[in-house]
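A.B. asks: Spelled out from the first residue to the last, the chains are:
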Amino acid sequence: MSRGVSLHEGQLLARSLKVSKSTHLVVASVAAAVAANATAAILMTGTVGQIVLLALIFVTLAAGTSAISSDIYVRSSQTIANLRSIGASSRSLSSAIFLSVIGYGIAGSALGAGLGAALGVVLGGQGGIVSLSIAVLGVILASSAAAAAGVYAGGRRVWSN
Amino acid sequence: MEQLRIIQRNETPAEGRFAVEVKHVSKSYGETEIYSDLHFQLLKGTFVALVGPIGSGKTTMLNMFAGLDRPTSGTIVVMGHDITKMPDDVLGEFRASTVGFVPQVQTLIPELTVRENVELPLHFAKVEGENRQRKTDYVLEKVGIRGESKRIVSTLSVGEKQMVSFARAMVNDPPILLLDEPTEALDPLMAEVILGLLRGDNLTQGKTVFVTTHDRRVTELARRTLRVKKKIP
Numbered sequence: 003m004s005r006g007v008s009l010h011e012g013q014l015l016a017r018s019l020k021v022s023k024s025t026h027l028v029v030a031s032v033a034a035a036v037a038a039n040a041t042a043a044i045l046m047t048g049t050v051g052q053i054v055l056l057a058l059i060f061v062t063l064a065a066g067t068s069a070i071s072s073d074i075y076v077r078s079s080q081t082i083a084n085l086r087s088i089g090a091s092s093r094s095l096s097s098a099i100f101l102s103v104i105g106y107g108i109a110g111s112a113l114g115a116g117l118g119a120a121l122g123v124v125l126g127g128q129g130g131i132v133s134l135s136i137a138v139l140g141v142i143l144a145s146s147a148a149a150a151a152g153v154y155a156g157g158r159r160v161w162s163n
Numbered sequence: 017m018e019q020l021r022i023i024q025r026n027e028t029p030a031e032g033r034f035a036v037e038v039k040h041v042s043k044s045y046g047e048t049e050i051y052s053d054l055h056f057q058l059l060k061g062t063f064v065a066l067v068g069p070i071g072s073g074k075t076t077m078l079n080m081f082a083g084l085d086r087p088t089s090g091t092i093v094v095m096g097h098d099i100t101k102m103p104d105d106v107l108g109e110f111r112a113s114t115v116g117f118v119p120q121v122q123t124l125i126p127e128l129t130v131r132e133n134v135e136l137p138l139h140f141a142k143v144e145g146e147n148r149q150r151k152t153d154y155v156l157e158k159v160g161i162r163g164e165s166k167r168i169v170s171t172l173s174v175g176e177k178q179m180v181s182f183a184r185a186m187v188n189d190p191p192i193l194l195l196d197e198p199t200e201a202l203d204p205l206m207a208e209v210i211l212g213l214l215r216g217d218n219l220t221q222g223k224t225v226f227v228t229t230h231d232r233r234v235t236e237l238a239r240r241t242l243r244v245k246k247k248i249p
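Taken in order, these protein sequences are the chains called R and L.
Each residue of the first sequence is one higher than the one before, starting from 3 at the first, in the numbering used here.
Each residue of the second sequence is one higher than the one before, starting from 17 at the first, in the numbering used here.
Treat the hints with care, as some may be off.
[To be verified] Pairs of lysine-lysine residues, derived as DSS-like cross-links and limited to a Cα-Cα distance of at most 25 angstroms, are as follows:
1. 151/L x 166/L
2. 39/L x 223/L
3. 60/L x 166/L
4. 223/L x 60/L
5. 166/L x 177/L
6. 23/R x 39/L
7. 158/L x 223/L
8. 20/R x 177/L
9. 166/L x 20/R
10. 101/L x 142/L
11. 20/R x 142/L
[Claimed, not checked] Here chain R is said to cover these stretches of chain L; the calculated rule only asks that three of the stretch's residues, wherever they fall, bring their Cβ under 8 angstroms from a Cβ of chain R:
12. 118 to 126
13. 138 to 148
[As the list claims (entries may be wrong)] On the chain R side, residues computed to face chain L include the following (Cβ under 10 angstroms):
14. 10
15. 84
16. 92
Keep in mind the hints are simulated off the structure, nothing from the lab.
The beta carbon of each residue, even a glycine, is placed where N, CA and C say it ideally should be.
Next comes chain R alone, as it looks inside the complex (with noise of 0.2 angstroms):
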C-alpha cells in the first residue's frame, strides 16, 4: 500500500486543514525575503561569509516554517481526529501539508534569489555569471531544505504531543 498521498488527495487534505492562500503567501514571502537579502549579501562577501549565510537561511527558514505547520496542526486538532476516525495516517497528513507548503517555500526563495542576486549586482558584488548561478543555488537549495526540515519538524512535534 502507498504510503504518500496523490495529488488530488494532498489538495482535499490541504483544503479541509485550512491550508489558505494567506498560508502559501505567508510561507512563500518569507522565503523570498530571507532568500533575496542573503542572495545579496553572498555576492559581497568571502566564502566563511557564504556559509555563515547560508546556515543563516536555513535555520530562519526551518524556524519560520516549523512553525507555520504547527500552527496548521493546532488550529486543525478536531478536523485531524474526524480525518483519522475515517483512516486517515499521520502519514497521510503530514505529506498533505507539506506538499501544500513546499512549492510555495521552493518558488518563493527562488524568486527572492533572483531579486537578491540582481540586488547584489547594482550594490557592486560580484557579476561574474559562476558566481551568480553558485549563490542563486545555494540559497534555493538551502531554503527549499530548510522549508522541507520546517514543515517536518513541525508535524513532528505536534504528532508526537
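With chain R's structure known, arrange chain L on it following the hints.
C.D. replies: Below, chain L alone, put in the same frame as chain R:
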C-alpha cells in the same frame, strides 16, 4: 464511582464466525471505570443494537471497536485482527478498509462538498480514479443524495449531514458498520430514511451492523440487543 456491566445472550464461539471479539476488556478514564472484564462476540453479518442510559459508555464501546479509543486492558479482535496492538498508522489503514463509522457528533469536513467528503475514505484506502468515482456515485445514489453532491457540507441541514455521514461510512463497502445514535436529533422523515437504509437495503445486507440507540424503531430491526446497565456499587 459507578461500575457498568453488560448483559448478553450466550453464543457459541467458533473461529471465523465473529466480526468482533471482545476479550476481557476493561476501560477506565482516570479513576472512573467504564467497563470491567467485558467478554462477548458479535457474529458476522448480524445487526446488533446497544442500548443503555446516557453516559453509560456506549460511545466508548463504539470508539474502541473502531480503534479510536483503546481499552485499558484486554483485547478487541475485529475481523480477525487484534486492533488493540496495532500501531496508529496501520490502524488508520485498517479502519479505512474495514470499518464504516457514523458518529453521533458530525465529523464531516464543512469546507468540502458532499462528494468530496464521501470519497475521502476511498483516498485513505488508496482506491484509484475511476473505481473511486464509481463507488462514490453508487453510494450517493443509494442513499439518495446524488443530487446534492456538489453542495458544500456546511450548507446542509442536520438530517442531510447525517445522510452524508452514512454515505461516507458505506462508500468503501466495509464489512462492519458502526452507528452512534443514528436517528438522534433527526426529524421523523429523515429518521425514516435512515431506518429504511438499515432495513435490508443491499447497502447494509451481509454486513455486521452495531448501533447504539435509544430509538425503539432501531432496536426492533436488530437481531440481538445488548444492554449496558449501571451496576450498584
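A.B. asks: If a hint holds in the structure, say so; if it does not, say that too.
C.D. replies: Hint check:
For the suggested pair residue 151/L and residue 166/L, the alpha carbons sit about 16 angstroms apart, so the restraint of at most 25 angstroms is met. The hinted pair formed by residue 39/L and residue 223/L meets the criterion: a straight-line CA distance of about 22 angstroms does not exceed 25 angstroms. Our distance criterion of 25 angstroms between C-alpha atoms is broken by residue 60/L and residue 166/L, whose separation comes to about 35 angstroms. A C-alpha spacing of about 7 angstroms is found between residue 223/L and residue 60/L, which places the hinted pair at or below 25 angstroms, so the restraint holds.
With a C-alpha separation of about 13 angstroms, the suggested pairing of residue 166/L with residue 177/L holds against the 25 angstroms cut-off. Annotation: proposed proximity of residue 23/R to residue 39/L is violated, straight-line Cα distance about 49 angstroms (limit 25 angstroms). Between residue 158/L and residue 223/L the alpha-carbon distance is near 16 angstroms, which keeps this suggested pair within the 25 angstroms criterion. The hinted pair formed by residue 20/R and residue 177/L meets the criterion: a straight-line CA distance of about 20 angstroms does not exceed 25 angstroms.
At most 25 angstroms may separate the alpha-carbon atoms for a hinted pair to count; residue 166/L and residue 20/R meet this at roughly 19 angstroms. As the CA atoms of residue 101/L and residue 142/L are separated by approximately 23 angstroms, the hinted pair is consistent with the 25 angstroms bound. In summary, the hint linking residue 20/R to residue 142/L is supported, as the alpha carbons are separated by about 23 angstroms, within the 25 angstroms threshold. Residues of the stretch 118 to 126 of chain L lying with their CB closer than 8 angstroms to a CB of chain R number 4, which satisfies the three-residue condition for coverage.
Under a criterion of three residues with beta carbons nearer than 8 angstroms to beta carbons of chain R, the stated coverage of the stretch 138 to 148 of chain L is upheld, 4 such residues being counted. Here the hint on residue 10/R is kept, as its CB sits about 7 angstroms from the closest CB of chain L, short of 10 angstroms. This hint holds: residue 84/R has a C-beta 4 angstroms from the nearest C-beta of chain L, less than the 10 angstroms allowed. At a threshold of 10 angstroms, the smallest CB-CB gap from residue 92/R to chain L is about 6 angstroms, leaving the interface hint in force.
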